[in-house]
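Visitor: Taking the hints into account, I'd like the entire structure generated from these sequences.
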Amino acid sequence: MLAGTVGGWFVSPLLLAALRAPIAEAAASQHRLAALNFDTITGAFDLRMQAAFAIGLVASSPIWLYQAWAYLVPALSRKELRYGFGFFFTAVPLFLGGCVAGWLIVPHIVLLLTGFAGDGSSSFIQANDYFQFVLKLVVAAGFAFVSPVFLVLLNLLGILPARSILRSWWIAFLVIVGFTAIVTPSADVISMLLLAGPLIALYYAAWSVAALHDRRVARQLV
98 MLAGTVGGWF VSPLLLAALR APIAEAAASQ HRLAALNFDT ITGAFDLRMQ
148 AAFAIGLVAS SPIWLYQAWA YLVPALSRKE LRYGFGFFFT AVPLFLGGCV
198 AGWLIVPHIV LLLTGFAGDG SSSFIQANDY FQFVLKLVVA AGFAFVSPVF
248 LVLLNLLGIL PARSILRSWW IAFLVIVGFT AIVTPSADVI SMLLLAGPLI
298 ALYYAAWSVA ALHDRRVARQ LV
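Residue 98 is where the sequence shown starts when you use my numbering, and the numbers rise one by one after that.
Think of the hints as simulated: they come from the structure by calculation, not from any bench. Bear in mind the structure is a predicted one, so any value in this text is a computation, not a measurement. Cβ coordinates follow ideal geometry from the N, Cα and C atoms, glycine included.
Label pairs and their calculated CB-CB ranges: (1) D143 / V314: 51 to 59 Å; (2) N134 / Y301: 38 to 46 Å; (3) A315 / F185: 22 to 30 Å; (4) V108 / R312: 45 to 53 Å; (5) L271 / G217: 36 to 44 Å; (6) I138 / G255: 56 to 64 Å; (7) Q223 / E122: 14 to 22 Å; (8) E122 / G255: 44 to 52 Å; (9) V108 / R313: 41 to 49 Å; (10) Q229 / Y180: 31 to 39 Å.
Guide: Shown next as structure tokens:
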């Protein structure tokens, strides 16, 4: 983790430049002054440290996830171990994919929210608040993409049959729409679709995997 944070310190300028890009685009397209604002003398240093820590946490995630997994392995049965490996190697790519999806909608959100400022006004965005907002959005999207894996895991453990997953599609739809409405501005339809579309597809993918598992178990019982 420490090595990842040190490496993140040197990579953090690239991340901060990427964070500034939507603000610069908003300033150019809306013909207004828009910029990150550091209201303390240590603000720029603090933000770079936060960026370095976030990069280090992500970069070292395979290591600390493996350590957590290795701690649990001796207590698991062979069946639980097989399911756990499947969950681990599926959840990590989905989490990273969700983070990418969250990152992709950041420019849409910045353009929308800065657009509410009146003509002739300027947008001085607090750097720390902006970074925290983007970080929470990206992480929330990452965890949302992992949620269908829990449905499959519950099905494999015999707790949640596939028919229950399909029967609850309208509840899942409401939850997904509610989640995307919370993490994105309700007026930004594009951002909502960018998140809601893949989540709905993943929900039905989870149902498909669960249905195949239930069908195989039913054949074995015959």
